[in-house]
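Single-letter residue listing:
Protein chains: 2
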Amino acid sequence: MKPVTPVLSNGSGWERTSVPHRRRVVMAHGGGGQLTAELIEGIIRPRLSNPLLDTLDDAAVFDVPAGRMAFTTDSYVVQPLFFPGGDIGRLAVCGTVNDLAVCGATPRYLSVGLILEEGLELDVLRRVVDSMAEAAAEAGVRIVTGDTKVVARGQADRLYVQSSGVGILRPDADLGVHRIVPGDRVLVSGTVADHGLAVMLQRENAFGMESGLRSDVAPLAGLVSELLDACANDVVFLRDATRGGLAGVLADLADITGYRLTIDETCIPIRPGTAYAAEMLGLDPLDVANEGKFVAVVRAGAADAALRALRSHPLGSLASEIGSVGGTRDGMCEMVTVVGGRRVIQKPYGEELPRIC
Amino acid sequence: MKPVTPVLSNGSGWERTSVPHRRRVVMAHGGGGQLTAELIEGIIRPRLSNPLLDTLDDAAVFDVPAGRMAFTTDSYVVQPLFFPGGDIGRLAVCGTVNDLAVCGATPRYLSVGLILEEGLELDVLRRVVDSMAEAAAEAGVRIVTGDTKVVARGQADRLYVQSSGVGILRPDADLGVHRIVPGDRVLVSGTVADHGLAVMLQRENAFGMESGLRSDVAPLAGLVSELLDACANDVVFLRDATRGGLAGVLADLADITGYRLTIDETCIPIRPGTAYAAEMLGLDPLDVANEGKFVAVVRAGAADAALRALRSHPLGSLASEIGSVGGTRDGMCEMVTVVGGRRVIQKPYGEELPRIC
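These protein sequence lines map, in sequence, to chains D and C.
Going left to right, the first sequence walks through residues 893 to 1249 as the numbering used here numbers them.
Going left to right, the second sequence walks through residues 893 to 1249 as the numbering used here numbers them.
Accuracy of the hints is not assured; some may be wrong.
[Unchecked claim] Chain C is faced by these chain D residues, among others (derived, beta-carbon under 7 Å):
id, residue
1, Ser-941
2, Arg-960
3, Glu-1157
4, Cys-1159
[What the hints assert, rightly or not] Residues of chain D placed beyond 12 Å of chain C at every Cβ, according to the derived structure:
id, residue
5, Ala-958
6, Asp-966
7, Arg-1019
8, Gly-1059
9, Asn-1097
10, Ser-1117
11, Arg-1131
12, Arg-1135
13, Ala-1143
14, Asp-1144
15, Asp-1156
16, Pro-1161
17, Pro-1246
[Said to hold, decoys possible] To spell it out: a stretch of chain D is covered by chain C in this simulated footprint if at least three of its residues, at any positions, have a beta carbon under 8 Å from a beta carbon of chain C; those stretches are:
id, stretch
18, 919-928
19, 946-956
20, 982-996
21, 1031-1044
22, 1089-1095
Hints were generated in silico from the structure; no laboratory data involved.
Where is the CB? At the ideal position from N, CA and C, for every residue including glycine.
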């Protein structure tokens, strides 16, 4: 559609006037009328502009090659909206990109749905959309379609984002838990628990806590590409360790494959500040969400090549082999602790950290 | 992933217990842990089950033919969640299906993101997911991937749904405002304003109002197929008339093409009960949202064939030719009223009806 240009009154005939200096979202921004158009044309489209989005049709249309496609969706309700290392906009783009990447897909096109609470500062929306645009450029994807809704005060917490994405599967990637066999090695692409703890500490700032922690939120498509370029056929499983943390992924893997996983705690990369913050808050860092880390299961013979590939990329410089898949068929994930004890890693029960993503 | 089966205590060893008789959503349902798995395995997957969804991977993977693909997203915040003729689940599926259909695409795969307010009755969630499943079956699409988040009381209004979808473009369809030329005819696929007014009257029920109005929410892919099968090359533009109503679509069309549209009010189908309700509420029915109606622009010579095709389908039995595109280049949409007057149809300014979809 054509831009809705506010026309200054010339004292005669037809004119479209915009309310000057509007600073906050009002219910009418969600009505599908002129104010919705102003929101889209004034704030969203200029920041995300690309030929597919610019049509502003109800759907984006693009060419696809014959092959396999991945399709994913996630909702984002993180609180606060801005935190060290990122914000809800970056999170929404990266989370969706990462879900596609760990399927072995090259992420291509994203959609974004916004639920805005009446009264939200338009400057906040501008910052979030700017951040989406930056993250999309970083990830090499385009945001091609979207939607906005407005709800009354007290019916949302400022701003929720939902993003979906599609990507084209690499023909050389063959990923799935069914390919995991005893002897395979378990890698993690870097330090754990940074996202969840950075967000938690940001919340606690109200109480005067300070830290240098930053969320690890980042688009992992490039890092996954490095890994698959190096040893595609020997990479058998990838999963980003978001809600539920590293523990969630490892416990799931053991449960689904039925094999015992053995993990060496001393090999799990964790920043000292993150470990300290987790201890202070009484959290197990393995349960805490990451937004820029994945678990890879690779054939034993390819583990070194896989690690080299990961470490050659800035987002994988601290990648580490943390354990292996064993032949025992009890579906448990056991961790050898730093002091030499053993404990079972379980899927976290419920909500360690509400609204972390 | 494998189902998480609650295991009854046998007084020894490992066991997974579920909290019996849980009736409402708690924050921990959103944590990505065992309770999230119970929500998904206990309520969502059984209702939407299909081979792609059942993998419960972070993304669904499927084959696509080479060609053009459409991709769309929408958020749904309708209030109340249930209304005569539908509910938020049916709305989310149909809305996304319809956005794809009016692009000339055959809808294929949908995603669903749920934002749940703490305290939501699980029975409500069951009903909504049941309704999604029914609508998806009716539309011939599969819900293949999804996400759930939980926010605290007072941070949502019970339940919001975001759905995205992908579809494959019909090679014979060539739709777009750029194809519209003077002489083209404007059709509407049936009665207008039923959805918005049915929802509004449902809200007003608290005040003792009653009506027989029902939302028109329905998946339009089949009806669009009938039309395109009959005269694909002569159909130049389709748009579903949702937020902003018929007026929004017509004003946009005039504005974007730059041509004058002339509409005959006597030809616009509207149910008497709907017209009465609109008058009572002081609303222009042309501004009111529909969820099962589209506007079609067709070549003049194909108008009769197009109408026959539409009327041969149950969802298009009241389709009508309502006007035409003229040669005057003023970008206005003019309506000849029932009493023979003339008025300009404008895009509604803002929120006539908040949270209608």
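To see whether the hints hold, each was checked on the structure:
no.	hint	in the structure
1	Ser-941	violated (17 Å)
2	Arg-960	holds (6 Å)
3	Glu-1157	violated (20 Å)
4	Cys-1159	violated (24 Å)
5	Ala-958	violated (4 Å)
6	Asp-966	violated (5 Å)
7	Arg-1019	holds (20 Å)
8	Gly-1059	violated (8 Å)
9	Asn-1097	holds (19 Å)
10	Ser-1117	holds (16 Å)
11	Arg-1131	violated (7 Å)
12	Arg-1135	violated (3 Å)
13	Ala-1143	violated (9 Å)
14	Asp-1144	violated (6 Å)
15	Asp-1156	holds (23 Å)
16	Pro-1161	holds (21 Å)
17	Pro-1246	violated (5 Å)
18	919-928	holds (count 10)
19	946-956	holds (count 8)
20	982-996	holds (count 4)
21	1031-1044	holds (count 9)
22	1089-1095	violated (count 0)
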